[in-house]
Amino acid sequence: MTNRGIRGTIVFFLLMAFSWPVHAWNDIGHMAVAYVAYQKLTPATKDRVKALLALNPYAKTKWKSILKTVQAKDKDLAIFMIAATWPDQIKSDNKTYHDDGTQGGDRPPTDGTADNNIGYTDTARHKYWHFVDTPFSNDGTALPALPTPNAQMRIGDFRKVLASTSSDDLKSYDLSWLLHLIGDVHQPLHAATRVSKIDTAGDNGGNSVKVTCSTCTSTMKLHAFWDGLLGAGNSVDTAIQVAKKLADADAAAAAKSSEKDWCDESFSAAQTSVYKNPPIGSDHGPFTTTTSYKNAAKKLAKERVALAGARLANLLTNELK
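Residue numbering for the sequence shown follows the working numbering, starting at 5 and increasing by one per position.
For the record, the hints were derived by calculation from the structure and aren't laboratory data.
Just to be clear, a hint being listed does not mean it is correct.
Stated by the list, open to error - Heads up, simulated DSSO-like pairs for lysine-lysine below, C-alpha to C-alpha not over 27 Å straight-line:
{"id": "1", "residue 1": "Lys325", "residue 2": "Lys77"}
{"id": "2", "residue 1": "Lys325", "residue 2": "Lys54"}
{"id": "3", "residue 1": "Lys280", "residue 2": "Lys225"}
{"id": "4", "residue 1": "Lys54", "residue 2": "Lys260"}
{"id": "5", "residue 1": "Lys214", "residue 2": "Lys201"}
{"id": "6", "residue 1": "Lys50", "residue 2": "Lys66"}
{"id": "7", "residue 1": "Lys248", "residue 2": "Lys79"}
{"id": "8", "residue 1": "Lys79", "residue 2": "Lys66"}
{"id": "9", "residue 1": "Lys280", "residue 2": "Lys298"}
{"id": "10", "residue 1": "Lys72", "residue 2": "Lys50"}
{"id": "11", "residue 1": "Lys306", "residue 2": "Lys264"}
{"id": "12", "residue 1": "Lys214", "residue 2": "Lys306"}
{"id": "13", "residue 1": "Lys95", "residue 2": "Lys164"}
{"id": "14", "residue 1": "Lys79", "residue 2": "Lys249"}
{"id": "15", "residue 1": "Lys95", "residue 2": "Lys225"}
{"id": "16", "residue 1": "Lys44", "residue 2": "Lys260"}
{"id": "17", "residue 1": "Lys260", "residue 2": "Lys325"}
{"id": "18", "residue 1": "Lys302", "residue 2": "Lys264"}
{"id": "19", "residue 1": "Lys225", "residue 2": "Lys306"}
{"id": "20", "residue 1": "Lys306", "residue 2": "Lys95"}
{"id": "21", "residue 1": "Lys325", "residue 2": "Lys50"}
{"id": "22", "residue 1": "Lys164", "residue 2": "Lys50"}
{"id": "23", "residue 1": "Lys164", "residue 2": "Lys54"}
{"id": "24", "residue 1": "Lys64", "residue 2": "Lys54"}
{"id": "25", "residue 1": "Lys302", "residue 2": "Lys214"}
{"id": "26", "residue 1": "Lys303", "residue 2": "Lys248"}
{"id": "27", "residue 1": "Lys264", "residue 2": "Lys303"}
{"id": "28", "residue 1": "Lys306", "residue 2": "Lys50"}
{"id": "29", "residue 1": "Lys298", "residue 2": "Lys225"}
{"id": "30", "residue 1": "Lys99", "residue 2": "Lys66"}
{"id": "31", "residue 1": "Lys164", "residue 2": "Lys325"}
{"id": "32", "residue 1": "Lys44", "residue 2": "Lys79"}
{"id": "33", "residue 1": "Lys249", "residue 2": "Lys44"}
{"id": "34", "residue 1": "Lys54", "residue 2": "Lys68"}
{"id": "35", "residue 1": "Lys201", "residue 2": "Lys280"}
{"id": "36", "residue 1": "Lys79", "residue 2": "Lys54"}
I would like the entire structure built from these sequences, with the hints used as guidance.
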């Protein structure tokens with residue numbers, strides 16, 4: 005089968021098997037992060053990742069069709085890329101998974117289960133693991149407490165498991181989350197929430213702010229605007245083409261291994277680049293994005309995705325046992 009045929013089969017599979025909502029970088033963004041990372045992995049790490057991802061329950065069910073149609077040399081890459089979207093896939097799997105916590109699952113429950121790390125027997129969606137909503141305010145409004153656990157904390161917890169002697173089942177679960185969360189925290193609006201007199205609890209990472217553009221058919225959330233900067237849809241082929249066009253991440257920046265540094269970078273970018281005024285004003289909008297704003301946003305998004313991929317590869321190469 006040709007590469008085009010392989011990718012076409014995967015695209016068809018994704019369209020037929022899933023209809024998951026877009027969160028964080030959309031599927032293109034997350035798969036691009038994974039593609040960049042996979043190219044940098046050592047053969048030994050690729051083999052270890054392959055063995056662990058085979059333990060994900062979706063590998064035995066929803067991903068199984070891929071194994072029948074994709075050539076062996078391409079299968080591992082495809083699984084790695086699709087696995088990076090697994091924490092979003094489970095958001096639409098109502099047969100197996102359930103929301104936990106409040107605000108539709110975006111805030112942690114208080115029953116002691118929010119910090120669970122028990123493997124695939126845990127069927128909570130843990131939506132609040134996807135972001136670290138560090139608050140900031142431009143108008144002096146008092147800042148709310150930072151919800152915990154959050155993406156930064158979970159990355160720290162999961163990477164420790166990968167470097168430990170824990171069971172492969174737990175490592176598989178944590179790996180599946182890490183493939184996704186490292187992408188998440190490089191999206192600026194997954195590391196910040198703007199607090200103001202009209203949003204005293206924060207704007208939920210830009211989800212309360214609306215934007216439009218000269219070619220838009222309708223308004224969209226500021227968060228969704230940033231999610232989709234690398235492209236729309238869930239085509240593996242598109243993700244590969246996007247990833248191949250990315251410039252290599254700066255080596256010194258890619259070498260930063262602290263998840264706190266990654267989140268701090270995104271937090272700073274949110275304040276200086278996402279909520280840049282103009283065009284993004286201080287209320288809910290809708291605000292019309294300018295060509296210069298969109299171009300600068302796309303440039304930053306590409307840089308953040310390339311960095312996420314390089315840092316993911318470094319983490320797996322250096323820490324996975």
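Outcome of the hint check:
{"no.": "1", "hint": "Lys325 / Lys77", "verdict": "23 Å, holds"}
{"no.": "2", "hint": "Lys325 / Lys54", "verdict": "13 Å, holds"}
{"no.": "3", "hint": "Lys280 / Lys225", "verdict": "15 Å, holds"}
{"no.": "4", "hint": "Lys54 / Lys260", "verdict": "25 Å, holds"}
{"no.": "5", "hint": "Lys214 / Lys201", "verdict": "17 Å, holds"}
{"no.": "6", "hint": "Lys50 / Lys66", "verdict": "22 Å, holds"}
{"no.": "7", "hint": "Lys248 / Lys79", "verdict": "18 Å, holds"}
{"no.": "8", "hint": "Lys79 / Lys66", "verdict": "14 Å, holds"}
{"no.": "9", "hint": "Lys280 / Lys298", "verdict": "11 Å, holds"}
{"no.": "10", "hint": "Lys72 / Lys50", "verdict": "20 Å, holds"}
{"no.": "11", "hint": "Lys306 / Lys264", "verdict": "20 Å, holds"}
{"no.": "12", "hint": "Lys214 / Lys306", "verdict": "23 Å, holds"}
{"no.": "13", "hint": "Lys95 / Lys164", "verdict": "25 Å, holds"}
{"no.": "14", "hint": "Lys79 / Lys249", "verdict": "22 Å, holds"}
{"no.": "15", "hint": "Lys95 / Lys225", "verdict": "19 Å, holds"}
{"no.": "16", "hint": "Lys44 / Lys260", "verdict": "16 Å, holds"}
{"no.": "17", "hint": "Lys260 / Lys325", "verdict": "20 Å, holds"}
{"no.": "18", "hint": "Lys302 / Lys264", "verdict": "23 Å, holds"}
{"no.": "19", "hint": "Lys225 / Lys306", "verdict": "20 Å, holds"}
{"no.": "20", "hint": "Lys306 / Lys95", "verdict": "26 Å, holds"}
{"no.": "21", "hint": "Lys325 / Lys50", "verdict": "12 Å, holds"}
{"no.": "22", "hint": "Lys164 / Lys50", "verdict": "19 Å, holds"}
{"no.": "23", "hint": "Lys164 / Lys54", "verdict": "19 Å, holds"}
{"no.": "24", "hint": "Lys64 / Lys54", "verdict": "13 Å, holds"}
{"no.": "25", "hint": "Lys302 / Lys214", "verdict": "18 Å, holds"}
{"no.": "26", "hint": "Lys303 / Lys248", "verdict": "15 Å, holds"}
{"no.": "27", "hint": "Lys264 / Lys303", "verdict": "23 Å, holds"}
{"no.": "28", "hint": "Lys306 / Lys50", "verdict": "24 Å, holds"}
{"no.": "29", "hint": "Lys298 / Lys225", "verdict": "14 Å, holds"}
{"no.": "30", "hint": "Lys99 / Lys66", "verdict": "13 Å, holds"}
{"no.": "31", "hint": "Lys164 / Lys325", "verdict": "10 Å, holds"}
{"no.": "32", "hint": "Lys44 / Lys79", "verdict": "17 Å, holds"}
{"no.": "33", "hint": "Lys249 / Lys44", "verdict": "16 Å, holds"}
{"no.": "34", "hint": "Lys54 / Lys68", "verdict": "14 Å, holds"}
{"no.": "35", "hint": "Lys201 / Lys280", "verdict": "18 Å, holds"}
{"no.": "36", "hint": "Lys79 / Lys54", "verdict": "10 Å, holds"}
Of the numbered hints given earlier, the model fails none.
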